[in-house]
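*Asks:* Sequence:
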Amino acid sequence: MLPVHQRLAELYTVSCRRPLTAAEEAEQRHCLQVNTMYCWEMARLTHEAVLAAHTEDTEWQQEISAQMFEVRISGKVGKRRH
Numbered sequence: 001m002l003p004v005h006q007r008l009a010e011l012y013t014v015s016c017r018r019p020l021t022a023a024e025e026a027e028q029r030h031c032l033q034v035n036t037m038y039c040w041e042m043a044r045l046t047h048e049a050v051l052a053a054h055t056e057d058t059e060w061q062q063e064i065s066a067q068m069f070e071v072r073i074s075g076k077v078g079k080r081r082h
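Numbering (this note's numbering), first residue to last: 1 to 82.
Please keep in mind that the hints were generated in silico from the structure rather than gathered at the bench. Warning: the hint list may mix true and false statements.
Here are the in silico distance ranges between beta carbons for each label pair [as the list claims (entries may be wrong)]:
no. : residue 1 : residue 2 : range
1   : S65       : H5        : 19 to 27 Å
2   : L20       : A53       : 39 to 47 Å
3   : T36       : F69       : 14 to 22 Å
4   : Y12       : I73       : 22 to 30 Å
5   : R17       : E56       : 35 to 43 Å
6   : C16       : E70       : 27 to 35 Å
7   : S65       : A26       : 31 to 39 Å
8   : R72       : L32       : 12 to 20 Å
9   : P19       : A66       : 17 to 25 Å
10  : Q6        : T46       : 17 to 25 Å
Idealized CB from N, CA, C, for every residue including glycine.
Please model the complete structure; the sequences and the hints are all you need to start from.
*Replies:* Structure (structure tokens):
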């Protein structure tokens, strides 16, 4: 879980108790945007992992696994080698 996910949960909890301030709403939109990018990146890597498995490309599978780990930790992947 990224810090942005924790903050999104906090903002949701606050919103259940009271309306969010304008600043909190802006922060929530930012968190949702970051989460969307995270989800799309993980989906892309998951699809690539399936392709790598079907083609039995173990080097590519290892690279994708490392990229997925990086995304889970930092929220983004560094430069791709392909």
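*Asks:* Look at each hint and say if it fits the structure.
*Replies:* These are the hints, each one checked on the structure:
1. S65 to H5: 19 to 27 Å: 21 Å, holds
2. L20 to A53: 39 to 47 Å: 43 Å, holds
3. T36 to F69: 14 to 22 Å: Roughly 20 Å apart at Cβ, these two residues keep to the hinted range, so it holds.
4. Y12 to I73: 22 to 30 Å: Given range 22 to 30 Å: holds, Cβ gap about 23 Å.
5. R17 to E56: 35 to 43 Å: Roughly 53 Å apart at Cβ, these two residues miss the hinted range, so it is violated.
6. C16 to E70: 27 to 35 Å: Since the Cβ atoms of C16 and E70 sit about 33 Å apart, the hinted range of 27 to 35 Å holds.
7. S65 to A26: 31 to 39 Å: 36 Å, holds
8. R72 to L32: 12 to 20 Å: 19 Å, holds
9. P19 to A66: 17 to 25 Å: With a Cβ separation near 43 Å, P19 and A66 fall outside 17 to 25 Å, so the hint is violated.
10. Q6 to T46: 17 to 25 Å: 23 Å, holds
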